[in-house]
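Visitor: Chains U and A, in that order, give the protein sequences.
If you count the first sequence from 1, position 148 lands on 148 in this note's numbering, and the numbers rise without skipping.
If you count the second sequence from 1, position 72 lands on 72 in this note's numbering, and the numbers rise without skipping.
Worth double-checking, as some hints may not be accurate.
[Unchecked claim] Cβ pair distances, simulated, as ranges: (1) ALA82/U with ALA139/A: 42 to 48 Å; (2) GLY67/A with SER167/U: 49 to 55 Å; (3) ALA11/A with ALA103/U: 25 to 31 Å; (4) ALA31/U with SER124/A: 39 to 45 Å; (5) GLU8/A with THR166/U: 43 to 49 Å.
Treat the hints as calculated values from the structure; they're not laboratory data.
All values reported here derive from a predicted model rather than from experimental measurement.
Note that beta-carbon positions come from the ideal geometry of N, C-alpha and C, so glycine has one too.
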Amino acid sequence: MTVLSLNTKQKYGSLLAGNSFYDPYAYKSIATVSVGSGGSSSVEFTSIPSTYTHLQVRGFHKNSAGAGSEYVAVAQFNGDTAANYSYHYLRSNGTAASSGAGASQNYVLAGYQNSSATSQMGFGGFVLDILDYTNTNKYKTVRSIAGADVNGSGIIDFYSGTWRSTSAITSIKFYYVASNFVQYSRFALYGIRSA
Amino acid sequence: MAAGTTYERIATYTVSGSSTNEIQFASIPSYYTDLVIVANLGSTNGYPSARFNSDTGSNYSVTNLSGDGTGTTADRGTNRAVADISYETTTDTTGVKTNFICHIMDYSNTTTYKTMLSRVNTASQSTGMTVSLWRSTAAISNIKLYSSAGNGANLYILTAGSTFTLYGIASA
Numbered sequence: 001m002t003v004l005s006l007n008t009k010q011k012y013g014s015l016l017a018g019n020s021f022y023d024p025y026a027y028k029s030i031a032t033v034s035v036g037s038g039g040s041s042s043v044e045f046t047s048i049p050s051t052y053t054h055l056q057v058r059g060f061h062k063n064s065a066g067a068g069s070e071y072v073a074v075a076q077f078n079g080d081t082a083a084n085y086s087y088h089y090l091r092s093n094g095t096a097a098s099s100g101a102g103a104s105q106n107y108v109l110a111g112y113q114n115s116s117a118t119s120q121m122g123f124g125g126f127v128l129d130i131l132d133y134t135n136t137n138k139y140k141t142v143r144s145i146a147g148a149d150v151n152g153s154g155i156i157d158f159y160s161g162t163w164r165s166t167s168a169i170t171s172i173k174f175y176y177v178a179s180n181f182v183q184y185s186r187f188a189l190y191g192i193r194s195a
Numbered sequence: 001m002a003a004g005t006t007y008e009r010i011a012t013y014t015v016s017g018s019s020t021n022e023i024q025f026a027s028i029p030s031y032y033t034d035l036v037i038v039a040n041l042g043s044t045n046g047y048p049s050a051r052f053n054s055d056t057g058s059n060y061s062v063t064n065l066s067g068d069g070t071g072t073t074a075d076r077g078t079n080r081a082v083a084d085i086s087y088e089t090t091t092d093t094t095g096v097k098t099n100f101i102c103h104i105m106d107y108s109n110t111t112t113y114k115t116m117l118s119r120v121n122t123a124s125q126s127t128g129m130t131v132s133l134w135r136s137t138a139a140i141s142n143i144k145l146y147s148s149a150g151n152g153a154n155l156y157i158l159t160a161g162s163t164f165t166l167y168g169i170a171s172a
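The task is simple: from the sequences and hints, build the whole structure.
Guide: See below:
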């Protein structure tokens, strides 16, 4: 009898071989990075398993440049630093709506952040979805809802992005172009399975 | 939390009758990383909004973007008495047509203020998104949800059949 492992999607010829545990969950935590007291210039997830259908990264972050500094956390895949990325965004700054795009960029956009003089305030949140990340027949598409509000200023954004590569994504790096993540910034990577 | 569960339903509330104007999730456990609220609602009037830990002070703020098919609107609210899920009137008096998904990030940390990202739609009116801030370092253990007049004044009746579900997401 052929048995399909619910964990690895591999087929085995016996119920005893390779099916050491039952794992029915469709949304799984893969890894979490919490930035420590010294801050960090980047956060990276490596050796991402290929056993999921989609990935989601949930970020909570702030830059180290001080009050009023605005940065967008950006993402690169598989260490590709070349201009193989593009993005679009839709934005509100609380007084006007705007949109924009970037072609042949070095990253996709992940999460806006607006610092504050108050240490507790200014952390931005984002939920980034990376679709069909192991597919080797098409370029990779991402989307993100992101924002930060500091009681008087702030941004809410919606991003889409493409990485022009057919490689399966095995690593993701987050960083600000010209700042660092402060302590208490946190990035959590999840895998989503399909039936 | 069940062993191995990452994305778990904590509680669901379905409105019945014709007198409910407030939904409350109380005694929220602290062992998740983020909270997600998924709702499908109608109301006699108002804006979807939330309060955390029953804080009625002016400790909330919001930045909003919405579109209604004829244009876009960008708004800001400071020193608000509620955490606005939408800054536009999005509930509909003729059915259960509004839905929203709220992401409450790092809700149990006691170091930072709390950020909530929301996507809201009313099929007959508009679509939009907001980011809201609650200026408190307290862990969120209680969430009240309303359809209210601006800044939390007047709570309107929620339509029977409206549903509100709270999920917890745990990280490694």
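Visitor: Determine for every hint whether it applies to the structure shown.
Guide: The hints, checked one at a time:
At roughly 43 Å, the beta carbons of ALA82/U and ALA139/A sit within the given window of 42 to 48 Å. Look at GLY67/A against SER167/U: about 36 Å separates their beta carbons, and that is not inside 49 to 55 Å. Between ALA11/A and ALA103/U the CB atoms are about 46 Å apart, so this pair departs from the stated range of 25 to 31 Å. Against the hinted window of 39 to 45 Å, the Cβ-Cβ separation of ALA31/U and SER124/A comes to about 42 Å, which satisfies the hint.
Range check, GLU8/A to THR166/U: about 35 Å between beta-carbon atoms, so the 43 to 49 Å window is missed.
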